[in-house]
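Asks: Start from the sequences and build out the full structure, keeping to the hints where you can.
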Amino acid sequence: MNKLVGNGLTFDDVLIVPDFSDIPPAHVDTTVRINDITLKIPFLSAGMDTVTESQMAIAIARCGGLGIIHRHMPIATQASEVDRVKRSEHGVITDPFSLSPNHYVYEADKLMGKYRISGVPIIEHDKLVGIITNRDLRFETDYSKKIYEVMTKSNIITASVGTTLEEAKQILTRHKVEKLPLVDENFNLKGLITIKDINKAVKYPLSAKDSQGRLIVGAAVGIKDDYMERVHALAKRKVDVIALEVFHGHAGEVLTAIRAIKADFPTITLIAGNVATPEATRLLIEAGADAVKVGIGPSSVSTKRMIAGIGVPQISAILNCAEVAREKGIPIIADGGIRFSGDIAKALAAGATACMMGNLFAGCEESPGITELFQGRKYKVYRGMESSTYDEPELPSIENDSDNPRTSNIVISRGVEGRITYKGNLYDVLQQLLGGLAVGMSYAGCRSVTDLHNKAQFIQVTPAGLRESHPHDIQITRESPNYNMV
1 MNKLVGNGLT FDDVLIVPDF SDIPPAHVDT TVRINDITLK IPFLSAGMDT
51 VTESQMAIAI ARCGGLGIIH RHMPIATQAS EVDRVKRSEH GVITDPFSLS
101 PNHYVYEADK LMGKYRISGV PIIEHDKLVG IITNRDLRFE TDYSKKIYEV
151 MTKSNIITAS VGTTLEEAKQ ILTRHKVEKL PLVDENFNLK GLITIKDINK
201 AVKYPLSAKD SQGRLIVGAA VGIKDDYMER VHALAKRKVD VIALEVFHGH
251 AGEVLTAIRA IKADFPTITL IAGNVATPEA TRLLIEAGAD AVKVGIGPSS
301 VSTKRMIAGI GVPQISAILN CAEVAREKGI PIIADGGIRF SGDIAKALAA
351 GATACMMGNL FAGCEESPGI TELFQGRKYK VYRGMESSTY DEPELPSIEN
401 DSDNPRTSNI VISRGVEGRI TYKGNLYDVL QQLLGGLAVG MSYAGCRSVT
451 DLHNKAQFIQ VTPAGLRESH PHDIQITRES PNYNMV
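Heads up, the sequence shown is in the numbering used here, so the first residue is 1 and it goes up one at a time.
Any given hint could be a false lead.
To be verified - Listed next, the in silico BS3-like pairs over lysine-lysine satisfying Cα-Cα at most 25 Å (straight line):
| id | residue 1 | residue 2 |
| --- | --- | --- |
| 1 | 153 | 110 |
| 2 | 203 | 236 |
| 3 | 40 | 455 |
| 4 | 224 | 114 |
| 5 | 304 | 114 |
| 6 | 190 | 153 |
| 7 | 304 | 328 |
| 8 | 176 | 153 |
| 9 | 110 | 238 |
| 10 | 190 | 127 |
| 11 | 209 | 40 |
| 12 | 146 | 169 |
| 13 | 262 | 209 |
| 14 | 328 | 455 |
| 15 | 196 | 153 |
| 16 | 236 | 209 |
| 17 | 238 | 190 |
| 18 | 114 | 146 |
| 19 | 176 | 200 |
| 20 | 114 | 145 |
| 21 | 224 | 262 |
| 22 | 224 | 304 |
| 23 | 145 | 169 |
| 24 | 127 | 146 |
| 25 | 145 | 110 |
| 26 | 203 | 169 |
| 27 | 127 | 169 |
| 28 | 146 | 203 |
| 29 | 328 | 40 |
FYI, nobody ran anything at the bench for these hints, they're computed from the structure.
Everything numeric in this text was worked out from a predicted model, so none of it was measured.
Replies: Listed below in structure tokens is the structure:
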């Protein structure tokens with residue numbers, strides 16, 4: 001038996017060979033599809049507790065990408081995070097929040113504060129009877145009153161079902177109001193259009209949205225006993241993507257979970273992983289995965305390869321897995337190891353449809369990581385989900401052979417926690433990454449990501465070639481934002 005199955009290459013081991021091009025960077029198209037999901041930029045934020053919660057998911061979806069809300073929280077909390085994203089903006093809100101006249105004012109105030117909305121329709125027996133807004137509460141001091149005592153009851157501006165956003169904008173502008181309830185012929189509340197959502201559609205033209213104009217969002221699940229309960233809770237909140245994330249995806253329990261999730265929710269896009277071999281990719285696809293996540297140990301906060309001696313360098317893993325996935329018509333997502341925008345271009349050229357990133361996004365304002373000041377500089381905390389600082393239920397342990405084995409428990413940690421330089425808002429970081437990717441595609445003569453898959457070629461470089469690829473023989477006095485991403 002031949003123990004050595006091949007050579008392993010990662011991002012620093014290769015370069016994309018430049019080719020003839022008459023395609024300016026501004027004219028490349030970075031749109032990709034993952035099952036029924038269309039992304040204007042091929043970027044996903046990782047489902048890690050220092051990377052993605054609702055704020056990050058909203059920000060990246062507005063720029064055309066996809067956020068995966070991490071699973072390291074109670075089921076109800078994760079479902080609420082998904083709901084925040086789905087309600088952050090709409091075209092037409094088909095299921096608006098509503099209260100009855102007999103609710104209390106403090107309940108309306110709490111609802112408006114939680115979801116950052118400026119008003120709530122008031123209904124009785126499904127009929128619209130009023131609306132309560134910040135304007136009604138501005139000078140109200142007694143929040144123990146019933147809503148009917150303070151709400152706007154007369155001259156409510158409404159429109160019929162089927163009103164377009166352009167028509168709604170004209171009505172809202174003419175009457176100088178911010179919310180337009182949609183009602184049927186019996187005055188039953190059927191929807192809501194807000195001026196805020198109309199303005200957001202103009203401000204964020206690349207937003208990744210579902211068929212009803214809501215931002216697209218994903219959420220991670222594992223294979224614990226309650227994973228189906230978690231999936232059901234997320235589905236109720238209209239999650240678009242379920243990411244089944246396990247440290248080692250080439251496992252029977254993962255295949256069982258894929259089949260169970262797709263049986264109950266065949267229309268939800270399911271990303272499964274992580275894997276690093278063609279055979280693992282094939283098994284996940286045959287089980288029903290709509291996309292496969294590739295990457296075992298390349299993360300900057302993973303010590304899996306050091307601790308367990310396991311893994312495949314990322315470029316080789318992508319190349320090998322993409323070959324199988326392409327035969328099946330299934331996309332793969334490169335997860336981990338990306339430090340520069342050039343690495344994104346390399347990952348896509350190797351066959352990935354999109355890249356999932358943690359390190360590059362963890363330092364952004366929108367990440368949930370704790371902000372720290374250290375030696376006069378601003379940082380955010382970033383940690384791997386396999387680190388001993390996180391109580392990960394899937395971490396294996398070595399137990400002693402005593403009458404009470406739980407009294408001695410050694411956790412095998414496969415990750416670290418550290419600081420990462422604060423990078424500012426996500427939009428600026430994405431602009432740098434997207435700009436670098438566009439230049440790479442232009443140099444390769446590729447107008448689309450599909451062209452990059454089909455045309456791009458690699459050349460393997462030596463350590464001397466790597467040194468040559470980075471700034472050298474100069475004392476750097478000013479770093480470009482793209483170079484100083486990490």
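Asks: Which numbered hints are broken by the structure, listed smallest first?
Replies: 2, 4, 5, 7, 12, 23, 28
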